[in-house]
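Peer 1: Letter by letter, the chains look like this.
Number of protein chains: 2
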Amino acid sequence: MIMGNTLVAVDWGTSSLRGARLAADGQVLEEQSFGRGILSVSPGEFAAVFEACFAPWMDERSTCLISGMAGSRQGWAEAAYCRCPAGFGELAEHLLWNPPGAPAGRVAIVPGMSCTQDDVPDVMRGEEIQIFGALRLTGLQDGIFVLPGTHSKWARVRHGRIAAFRTFMTGEFYALLGRQSLLSRTVDTDAPFDGAAFDEGVMRAFEGRGLLHTAFGARTLGLLEGRAPAALGSYLSGLLIGEELRQALADTDTGEPVLIGAPQLTAHYARALSLRGRTSRSLHDQATWAGLHALAQQTKLL
Amino acid sequence: MIMGNTLVAVDWGTSSLRGARLAADGQVLEEQSFGRGILSVSPGEFAAVFEACFAPWMDERSTCLISGMAGSRQGWAEAAYCRCPAGFGELAEHLLWNPPGAPAGRVAIVPGMSCTQDDVPDVMRGEEIQIFGALRLTGLQDGIFVLPGTHSKWARVRHGRIAAFRTFMTGEFYALLGRQSLLSRTVDTDAPFDGAAFDEGVMRAFEGRGLLHTAFGARTLGLLEGRAPAALGSYLSGLLIGEELRQALADTDTGEPVLIGAPQLTAHYARALSLRGRTSRSLHDQATWAGLHALAQQTKLL
Numbered sequence: 001m002i003m004g005n006t007l008v009a010v011d012w013g014t015s016s017l018r019g020a021r022l023a024a025d026g027q028v029l030e031e032q033s034f035g036r037g038i039l040s041v042s043p044g045e046f047a048a049v050f051e052a053c054f055a056p057w058m059d060e061r062s063t064c065l066i067s068g069m070a071g072s073r074q075g076w077a078e079a080a081y082c083r084c085p086a087g088f089g090e091l092a093e094h095l096l097w098n099p100p101g102a103p104a105g106r107v108a109i110v111p112g113m114s115c116t117q118d119d120v121p122d123v124m125r126g127e128e129i130q131i132f133g134a135l136r137l138t139g140l141q142d143g144i145f146v147l148p149g150t151h152s153k154w155a156r157v158r159h160g161r162i163a164a165f166r167t168f169m170t171g172e173f174y175a176l177l178g179r180q181s182l183l184s185r186t187v188d189t190d191a192p193f194d195g196a197a198f199d200e201g202v203m204r205a206f207e208g209r210g211l212l213h214t215a216f217g218a219r220t221l222g223l224l225e226g227r228a229p230a231a232l233g234s235y236l237s238g239l240l241i242g243e244e245l246r247q248a249l250a251d252t253d254t255g256e257p258v259l260i261g262a263p264q265l266t267a268h269y270a271r272a273l274s275l276r277g278r279t280s281r282s283l284h285d286q287a288t289w290a291g292l293h294a295l296a297q298q299t300k301l302l
Numbered sequence: 001m002i003m004g005n006t007l008v009a010v011d012w013g014t015s016s017l018r019g020a021r022l023a024a025d026g027q028v029l030e031e032q033s034f035g036r037g038i039l040s041v042s043p044g045e046f047a048a049v050f051e052a053c054f055a056p057w058m059d060e061r062s063t064c065l066i067s068g069m070a071g072s073r074q075g076w077a078e079a080a081y082c083r084c085p086a087g088f089g090e091l092a093e094h095l096l097w098n099p100p101g102a103p104a105g106r107v108a109i110v111p112g113m114s115c116t117q118d119d120v121p122d123v124m125r126g127e128e129i130q131i132f133g134a135l136r137l138t139g140l141q142d143g144i145f146v147l148p149g150t151h152s153k154w155a156r157v158r159h160g161r162i163a164a165f166r167t168f169m170t171g172e173f174y175a176l177l178g179r180q181s182l183l184s185r186t187v188d189t190d191a192p193f194d195g196a197a198f199d200e201g202v203m204r205a206f207e208g209r210g211l212l213h214t215a216f217g218a219r220t221l222g223l224l225e226g227r228a229p230a231a232l233g234s235y236l237s238g239l240l241i242g243e244e245l246r247q248a249l250a251d252t253d254t255g256e257p258v259l260i261g262a263p264q265l266t267a268h269y270a271r272a273l274s275l276r277g278r279t280s281r282s283l284h285d286q287a288t289w290a291g292l293h294a295l296a297q298q299t300k301l302l
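Going down the list, the sequences are from chains D and G. With the first letter of the first sequence counted as 1, position 166 gets the number 166 in the working numbering; the numbers rise by one all the way through. With the first letter of the second sequence counted as 1, position 154 gets the number 154 in the working numbering; the numbers rise by one all the way through.
Hints were generated in silico from the structure; no laboratory data involved. This structure is a prediction, so every number in the text was calculated from the model and none was measured. Each residue gets a CB set at the ideal place from its N, CA and C atoms; glycine is no exception. Be aware that a few hints might be false.
[To be verified] Derived Cβ-Cβ restraints for the label pairs, each shown as a range:
#: 1; chain 1: G; residue 1: Asp118; chain 2: D; residue 2: Gly277; range: 38 to 46 Å
#: 2; chain 1: G; residue 1: His159; chain 2: D; residue 2: Leu224; range: 25 to 33 Å
#: 3; chain 1: D; residue 1: Leu224; chain 2: G; residue 2: Ala48; range: 26 to 34 Å
#: 4; chain 1: G; residue 1: Ser274; chain 2: D; residue 2: Ala250; range: 21 to 29 Å
#: 5; chain 1: G; residue 1: Gly255; chain 2: D; residue 2: Pro192; range: 43 to 51 Å
#: 6; chain 1: D; residue 1: Ser33; chain 2: G; residue 2: Arg83; range: 15 to 23 Å
#: 7; chain 1: G; residue 1: Arg83; chain 2: D; residue 2: Ser184; range: 24 to 32 Å
#: 8; chain 1: G; residue 1: Leu29; chain 2: D; residue 2: Arg185; range: 53 to 61 Å
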């Protein structure tokens, strides 16, 4: 039995709600997840959902840190973005304590981060904690950190601080093109992964003809060359991930990117990076808990 | 009253059916259009729809040429693609006469064209006739011909023949991103054209960061900088058209592209081209009739 303070670490995203009870040293004591992403929660209902899910963990020695979309305008309470460059210190300073209805002094929402490049702002919520967790887990203070997904993030870290980042709408483009465009007739996005077709898509993207043109190949290759919809699903995925890499790597000529995400997705990115001659390393779900734990230490909560 | 043979020129596309009765010299005698694109016609019903729409024009001196998706697998009868490079001669040789149920020897479907670049096939149906019409109307024998739309086509013409072409899914991306993606919350695609916002999007695209990243700006500029959805509709359009131009112009460093299409759309492309320092000229609906008329002359139908 571990005594001392505990941290209730919560990742409250758009479509899911996950929590972990962490010991003072960061050990994960228990984990839970719920189908209560913020899109399923009405305004004013957040405190009740939190209570229903996490009350058993919130004893007198516990503090809770929440990252993710719970801090957005549509979430529990809006936590203003922290501007890059920023590190743990800035995140800790800008914690939003006491969202409406929470037990006083016991719950804080982690702000997201914003960044302006070429006069256009960019934002993330939740990924910043995963990046800080990855720094803790790897011992790195500098590098490129990649969070693949619906809206992939590529962040550059310098001296332990997030210097800048960019979003790529890769996962959303894949869903739109594969399921809602004309391509949906020749592309099966639910088929098993086809490595050769994926690699072909990646290499095609690397040629730099751009997605507006190359995506049409996922139709013509089926129509004129009889390629199977299953293969074209992986081909389209390769086109998109290859395009993301081609653009993102233009900023990052050297170093070994750290991929953070679900094992299958990071494996696809690692595979595509290797076709560019780049090695990478991958971290999975543990990054969020490590990040919230590190932030709790920074804030002297543990 | 003009005597002699007449041409019934028909443009039968995915969502619309248009026809014109042309005199032997190409003069347009009458025009009609119907909401009977091929998507609205059941297999086996094409001859009846043709008869209902065009029987009054099909006297003993008339021949009919049909271009567009009527020649696709989902159309009246499949007319195999003509491979590039190809000119009027090849199109005329590959006319598909007598689709099922048509009056014998009187109706022919114009084949589309295919082209393979970088090992990936590309196709068009209907645009090839517009390009040949544009050649006739301008007197050009060489040049770049651009047909903006759902699936824009950029064709290179040499010595009066279509040498090669590429498709860009620009219009479809605009509809998907503006109406079905997360961006639909910050973007109004039905708002009036905003020239300054459009130009900003075009210039942003020219920087070459790629659509997967730049598209996200249509969300953050709304969310963080309070840009109006109306402006962001034109901004997104500029991002997409700018991206198409950036890619397509990489092949075509010189010359004055000929834009073929509806006046509003070609005006937007001309505007974006001018931001790249390129002049252009524009042709509108007359290109289809001119192309079918030229093909009828080539085939000695007139």
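Peer 1: Hints numbered earlier in the text: which of these fail when held up against the supplied structure?
Peer 2: Hints 1, 6 and 8 contradicted; others consistent.
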